[in-house]
Structure formats: structure tokens, C-alpha cells
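Undergrad: Starting from two chains that each stand alone, build the complex the way the hints lay out.
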Amino acid sequence: MAGESAAHMILFIAAILIASSVSAVMIVTIEKMSIEIKNQGDYISNVLSTNFEIVNDPELIPNTTLGTSKVYTFYIKNIGTTSFPFTNDSLTVLIDGVIIPEQNITTNVPILNPGDVGELNVVTTLNPGNHRITVILYNGVSDTFEFST
Amino acid sequence: MGFSTTAAFVLLFITGLIAFGVLATVTIGELKEINKIMKIKNKKTIELQTTNFEIINVTAINVTTTEYNLTVVIKNTGSTTLDCVKFTLLVDGKVINATSNVSVLYPLECAEFNASYLSGTVGSVHRLKVVSDDGIGKYANFIVR
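Chains as they are written, first to last, in the working numbering: chain A, 44 to 192; chain B, 8 to 152.
Each hint should be verified, as a subset may be incorrect.
Stated by the list, open to error - Dumping the calculated EDC-like pairs for lysine to aspartate or glutamate here, alpha-carbon to alpha-carbon at most 20 Å:
#1 B:Lys101 <-> A:Glu96
#2 B:Lys50 <-> A:Glu96
#3 A:Lys81 <-> B:Glu40
#4 A:Lys113 <-> A:Glu162
#5 B:Lys145 <-> A:Glu102
#6 B:Lys101 <-> A:Asp100
#7 B:Lys48 <-> A:Glu96
#8 B:Lys101 <-> A:Glu102
#9 B:Lys48 <-> A:Asp159
#10 B:Lys93 <-> A:Asp100
#11 B:Lys145 <-> A:Glu96
#12 B:Lys93 <-> A:Asp159
#13 A:Lys81 <-> B:Glu37
#14 B:Lys145 <-> A:Asp159
#15 B:Lys51 <-> A:Asp159
#16 B:Lys46 <-> A:Asp85
#17 B:Lys145 <-> A:Asp186
#18 A:Lys113 <-> B:Asp99
#19 B:Lys43 <-> B:Glu54
#20 B:Lys101 <-> A:Glu162
#21 B:Lys51 <-> A:Asp186
#22 B:Lys145 <-> B:Asp90
#23 B:Lys101 <-> A:Asp159
#24 B:Lys48 <-> A:Asp186
#25 B:Lys51 <-> A:Glu96
#26 B:Lys93 <-> A:Glu96
#27 B:Lys39 <-> A:Glu79
#28 B:Lys101 <-> A:Glu189
#29 B:Lys39 <-> A:Asp85
#30 B:Lys93 <-> A:Glu162
#31 B:Lys145 <-> A:Glu189
#32 B:Lys82 <-> B:Glu116
#33 B:Lys48 <-> A:Asp85
#34 A:Lys75 <-> B:Glu37
#35 B:Lys82 <-> B:Asp141
#36 B:Lys145 <-> A:Asp100
#37 B:Lys43 <-> A:Asp85
Unchecked claim - Rough simulated footprint, nothing fancy, chain A against chain B, three-plus residues with beta-carbon under 8 Å:
#38 22-35
#39 43-55
#40 89-103
No lab work stands behind these hints, which were simulated from the structure alone. A virtual CB, placed ideally from N, CA and C, is assigned to each residue, including glycine.
Here chain B stands alone, though its shape is the one from the complex (with noise of 0.2 Å):
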């Protein structure tokens, strides 16, 4: 009887010390990548914090009768990095193709975005909308010449 009950107590350990190790091992693992993704979700928020912009100057000059070539010059006021290449920029509320002279924006520097052919006429009237990487837009209005 007591030699029994030992080897049942015995098997019930082993299985309970490999479950705990299984669902530790599990859960850490989970948890480390839980924290990994918190880590990088606080430092957008720091970024975001930290992220602005301005809209320093907007040149439309027409090539022909009924389109024009915009450039748009952005300078970097905050204290991150911004990736010009994620840059989006909208020109009477639809998104445009524009390059940029640089690929990354540092702060106080400043970056040049260039879209061709985009459909106005001499004197005409546009609004111009332009959203950062992380979500943060600014606005302006500009005149063909």
C-alpha cells in the first residue's frame, strides 16, 4: 500500500512539474512578446509626441493650359527623424504621386516633394493636405501661376 500510493504521488509530480514547465514556458514566451510589442508601441507614442512639421512653402507653376507642376517644401520642426518616402500628399483631397529630394527627414532640415501634371489652370485655387508617416496632417491652400 504505501510503496503504491508513493509511486502514484511520484507520477502525479513528474506530470504536474512538466505541465507547470509547459504553461510557463508558454505563457513567458507570450508575455516577452507582449512587452516587446508595448516597448514599440511606446516609443511610436514618444515619436508621435515628438513629430511635427510645417508646410513651409507651395510653388504651382503651369506647363501647360490646363496643368501644372507642384512643389512643396516641408520642414522637419520636431525632434524626430521622419521617413519622407511614407510621406502622403493630397491635393484637393485626392492622394498624388510625389517624390521627395531626400529619403529621410531630420530635424530643422528640410525636404522638397515634387509632383508633375497635376490638373489646374493659371489662378485656380487648391488645397493641399499632407500627412506625416505617423498619421499627422497639415494643410494649405496654394494658387497656380
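So that you can see chain A by itself, here it is in the shape it has in the complex (with noise of 0.2 Å):
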């Protein structure tokens, strides 16, 4: 009899012990799981809220001379709902295609709020002709422009 109620015991305790297992491993799972949907979810409604536009003149950039190369001025208009930041680091701008380089980017601001337009400065040589700029934020939120020099 007393070797009967120790082997259910046993048999008791081990049941617990492997649901209290399997328990643990999904917790841990969900947890997962949960973290990365709210962080997916935060993309999503970031990229939804953030938008923009290049509001140059496509006729007129305005550019200086600096050396062989010249300083073109983009302004980038915020017509979303949510700031964005504004650095050489966080901007990737291509110019026909061609990606510029970040130390040949720089801003006014570091930051874009809802309705502001900021400076593009890009340091590049352009031939006359059209050519197409193409800016893309941090979340992959871009815009393209074509305009002439």
C-alpha cells in the first residue's frame, strides 16, 4: 500500500514537473511572440504615418560651387503625421541611381516635425540634363524628384 502512494507520488510529481516544463517553454514562446508583433505593429503604424515630399522647384535647384563639385539644396517637406529624423546617417538619397555618400550629406535640422521643411544639402557633379533624386528615410518611407540643371 505505502508503495503504491509513492510510485503515484512519484508519477504525480513527475507530471507536474514535465507540464511545468512545457508550461515554462510557452510562456517564454508567447513572450516572444508578443515583443516581436508589438514591434512589428510600431513599424507598420510608423511607415503608415510618415510621409513626405520634395518640394523644389524642378527648374530651379539651388546650388553653390564648392570646389569641382557643387552643393545642390533639396527641401523636404514632413506632410505626415509623425516627426522623422533628419541626418546624413538616418537618409540614404541616390541620385539617378547612384547612392551619395553620407559625408557628402548634410542637413539644417535634425529632426523634421509635421508641416517643416528642411534642407537637403548634397555635394555631387551633375552634368546638364534631368536627372531623378530619390531620398529614403530610416523606416524605407521615400520620395523621388526629377529636375533639371
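TA: Laid out in C-alpha cells, this is it:
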């Protein structure tokens, strides 16, 4: 009788231990899933609320000479509902499909708030004619603008 | 054996319920947030479709031999109220500082934007671009008088 009770006790403890282990694994997995869902949701919300436009006059891009290159100024207007970082390391700029190095880009403000216009200065050499600039933000939202020099 | 199995299942069931609760709370919270932003985005899209304005008049009067004062009159021809503070004016491709006589521009109303001491001599031709708060741009040429 005592032996049977001990066997039941051992089985009970074993069952509880296995169930607890499975529960612990489940809770850890669910926690990771929750964090990932939250991150993805925040990312989607951020992308949906971010929008901007290059508002330059396509025929008159302000520029100044810097050595053999020129500094072209592009005006970026935040037409979204959220602020976004506006620094050379948070932006990707392509002119005619070629990436402009980070050190050749400067901005006048670190953060662009909704409704504000920021200056994006790009040091490059462009031949006279039609060109295309694409600006990509840190979250992948982009705008393309065609202009002539 | 019977009690052990029941106890284990009860434990797993409770854990499952807690896990489902946590997942459901997070997912519903995020979906609500996305839904809220989608509503704002849809509202902005509708606003964009109903936004329109016209440059009614541009006056450039010289104040010194090389400078002039600019007055731009804009009429809201759409059905959305526009925020004048968020308008952007570009003259010859460069953003200028301009002040408006009203902060909001209601449909069919006019707003006057003024900018002082811009570079240009009498008779010089300049190009103006006006950009609204949602990115709509309108162009006009003017001569300094």
C-alpha cells in the first residue's frame, strides 16, 4: 500500500514537472511572439504615419560651387503626421540611381516635424540635363523627384 | 495516475489561457493602433483629393534698387480648410520667409502672404512656387515693378 502511494506520488511529481516545463517553454515563446507582434505593429504604424515630399522647383535647384563639385539644396517637407530623423546617417540619397556617400550629405535640422521644411544639401557633380533624386528615410519611406540642372 | 494527468492538464490549460490572453491583448492593441493610423491616413487622402488653391495675384514692388517686397494672394478653391502657417513659398527655387494675414484659410476665402526685401531689380522676372501643407504645389511668374 505504502509502495503504491509512493509510486503515485512520484508519477504526480513527474507529471507536474513535465507540465511546468512545457508551460515555461510556452510562456517564453508567447512572450517572444508578443514582443515581435508589438515591434511589427509599431513599425507598420510608423511607416503609415510617415510621409514627405521634395518640394523644390524642378527647374531651379539652388546650388553653390564647392571646389570642382556643387552643393545642391533640396527642400524636404514633412507632410505626414509624425516627426522623423533628418540627419545624414538616417537618410539614403540616390541621384540617377547612384548612392550619395553619407559625408556628402548635410541637413539643417536633426528632426523634421509635421509641416516643417528641411534643407538637404548634397555635394555632387551633375552634368547639365535631367536628373532624378530619390530620398529614403530610416523606415524605408521614400520620395522621388525629377529635376533639371 | 488519473489525478496526475488531470493536474498536468489543468496546469497546461491555465498556461494556455494566460498565453492566449497575453497574445490577444498585444495583437488587439497593435491592431487598434494600426486602425487608428489607417483612419488618419484615409482622412488625409480624402483631404488631399479635396484640397485645391489658386494663386490669385502676385505683386512685387521694389523698395531699394536691388530689393523688393512680395505679396501673394491665394484663394482656397477646394473644400478643405488649409493651414497657412504650413504653407511654403519658393522664389527662384529658394524657400523664403513669408507671413500670412490669416492662420487658417477656409474654402473660398483668400489669404495674403508677404515677404520683404527679396533680391531683384525693377523689371526682373521671377518664378514663384507655393506649396500647401499637404504638398500640393502651384506656380506663377511675376515681374518686379
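Undergrad: Compare the structure with each hint and give your call.
TA: Consistency of the hints with the structure:
About 16 Å separates the Cα atoms of lysine 101 of chain B and glutamate 96 of chain A, which keeps this hinted pair within 20 Å; it holds. About 18 Å separates the Cα atoms of lysine 50 of chain B and glutamate 96 of chain A, which keeps this hinted pair within 20 Å; it holds. The hinted pair formed by lysine 81 of chain A and glutamate 40 of chain B meets the criterion: a straight-line CA distance of about 10 Å does not exceed 20 Å. A distance of roughly 15 Å separates the Cα atoms of lysine 113 of chain A and glutamate 162 of chain A; the hinted pair therefore holds under the 20 Å criterion.
For the hint pairing lysine 145 of chain B with glutamate 102 of chain A, the CA-to-CA distance comes to about 14 Å; that is within 20 Å, so the pair holds. For the hint pairing lysine 101 of chain B with aspartate 100 of chain A, the CA-to-CA distance comes to about 8 Å; that is within 20 Å, so the pair holds. A threshold of 20 Å between alpha carbons decides the hint, and for lysine 48 of chain B with glutamate 96 of chain A the separation of about 16 Å falls inside it, so the pair holds. For the hint linking lysine 101 of chain B to glutamate 102 of chain A, the alpha-carbon distance of about 11 Å falls within 20 Å, and the restraint holds.
With a CA separation close to 18 Å, the supplied pair lysine 48 of chain B and aspartate 159 of chain A stays within the 20 Å bound. Restraint check: the Cα-Cα separation between lysine 93 of chain B and aspartate 100 of chain A comes to about 18 Å, which is no more than 20 Å; the hinted pair holds. With a C-alpha separation of about 14 Å, the suggested pairing of lysine 145 of chain B with glutamate 96 of chain A holds against the 20 Å cut-off. Distance check on the hinted pair: lysine 93 of chain B and aspartate 159 of chain A sit about 7 Å apart at the alpha-carbon level, within 20 Å; holds.
For the suggested pair lysine 81 of chain A and glutamate 37 of chain B, the alpha carbons sit about 6 Å apart, so the restraint of at most 20 Å is met. For the hint pairing lysine 145 of chain B with aspartate 159 of chain A, the CA-to-CA distance comes to about 18 Å; that is within 20 Å, so the pair holds. Of the supplied pair hints, the one linking lysine 51 of chain B and aspartate 159 of chain A holds, its CA atoms being roughly 17 Å apart against a limit of 20 Å. At roughly 16 Å between alpha-carbon atoms, lysine 46 of chain B and aspartate 85 of chain A fall within 20 Å of each other, so this suggested pair holds.
In summary, the hint linking lysine 145 of chain B to aspartate 186 of chain A is supported, as the alpha carbons are separated by about 19 Å, within the 20 Å threshold. Of the supplied pair hints, the one linking lysine 113 of chain A and aspartate 99 of chain B holds, its CA atoms being roughly 18 Å apart against a limit of 20 Å. At roughly 17 Å between alpha-carbon atoms, lysine 43 of chain B and glutamate 54 of chain B fall within 20 Å of each other, so this suggested pair holds. A hinted pair counts as satisfied when its Cα atoms are at most 20 Å apart, and lysine 101 of chain B with glutamate 162 of chain A qualifies at roughly 10 Å.
In summary, the hint linking lysine 51 of chain B to aspartate 186 of chain A is supported, as the alpha carbons are separated by about 17 Å, within the 20 Å threshold. Distance hint between lysine 145 of chain B and aspartate 90 of chain B is fulfilled; the C-alpha atoms sit about 16 Å from each other, no more than 20 Å. Straight-line distance between C-alpha atoms of lysine 101 of chain B and aspartate 159 of chain A comes to about 15 Å, which keeps the hinted pair within the 20 Å bound. With a CA separation close to 17 Å, the supplied pair lysine 48 of chain B and aspartate 186 of chain A stays within the 20 Å bound.
As the CA atoms of lysine 51 of chain B and glutamate 96 of chain A are separated by approximately 14 Å, the hinted pair is consistent with the 20 Å bound. For the hint pairing lysine 93 of chain B with glutamate 96 of chain A, the CA-to-CA distance comes to about 13 Å; that is within 20 Å, so the pair holds. Taking the CA atoms of lysine 39 of chain B and glutamate 79 of chain A, the gap is near 16 Å; set against the 20 Å cutoff, the hint holds. Proposed proximity of lysine 101 of chain B and glutamate 189 of chain A is supported: the alpha carbons are some 17 Å apart, at most 20 Å.
As the CA atoms of lysine 39 of chain B and aspartate 85 of chain A are separated by approximately 11 Å, the hinted pair is consistent with the 20 Å bound. Straight-line distance between C-alpha atoms of lysine 93 of chain B and glutamate 162 of chain A comes to about 16 Å, which keeps the hinted pair within the 20 Å bound. For the hint linking lysine 145 of chain B to glutamate 189 of chain A, the alpha-carbon distance of about 16 Å falls within 20 Å, and the restraint holds. Restraint check: the Cα-Cα separation between lysine 82 of chain B and glutamate 116 of chain B comes to about 6 Å, which is no more than 20 Å; the hinted pair holds.
The suggested pairing of lysine 48 of chain B with aspartate 85 of chain A holds, with an alpha-carbon distance near 16 Å, which does not exceed 20 Å. Taken as a hint, the lysine 75 of chain A and glutamate 37 of chain B pair is honoured in the structure, with Cα atoms around 15 Å apart against an allowance of 20 Å. Of the supplied pair hints, the one linking lysine 82 of chain B and aspartate 141 of chain B holds, its CA atoms being roughly 16 Å apart against a limit of 20 Å. A C-alpha spacing of about 10 Å is found between lysine 145 of chain B and aspartate 100 of chain A, which places the hinted pair at or below 20 Å, so the restraint holds.
This hinted pair checks out: lysine 43 of chain B and aspartate 85 of chain A have alpha carbons roughly 12 Å apart, not beyond 20 Å. Here's how the stretch 22-35 of chain B fares: 8 of its residues keep a CB closer than 8 Å to some CB of chain A, so the rule of at least three is met and the hint holds. Remark: the stretch 43-55 of chain B is confirmed as covered by chain A, as 5 of its residues place a Cβ nearer than 8 Å to a Cβ of that chain, reaching the required three. Coverage of the stretch 89-103 of chain B by chain A holds in this model, with 9 residues showing a Cβ closer than 8 Å to a Cβ of that chain against a need of three.
When held up to the earlier numbered hints, the structure conflicts with none and fits them all.
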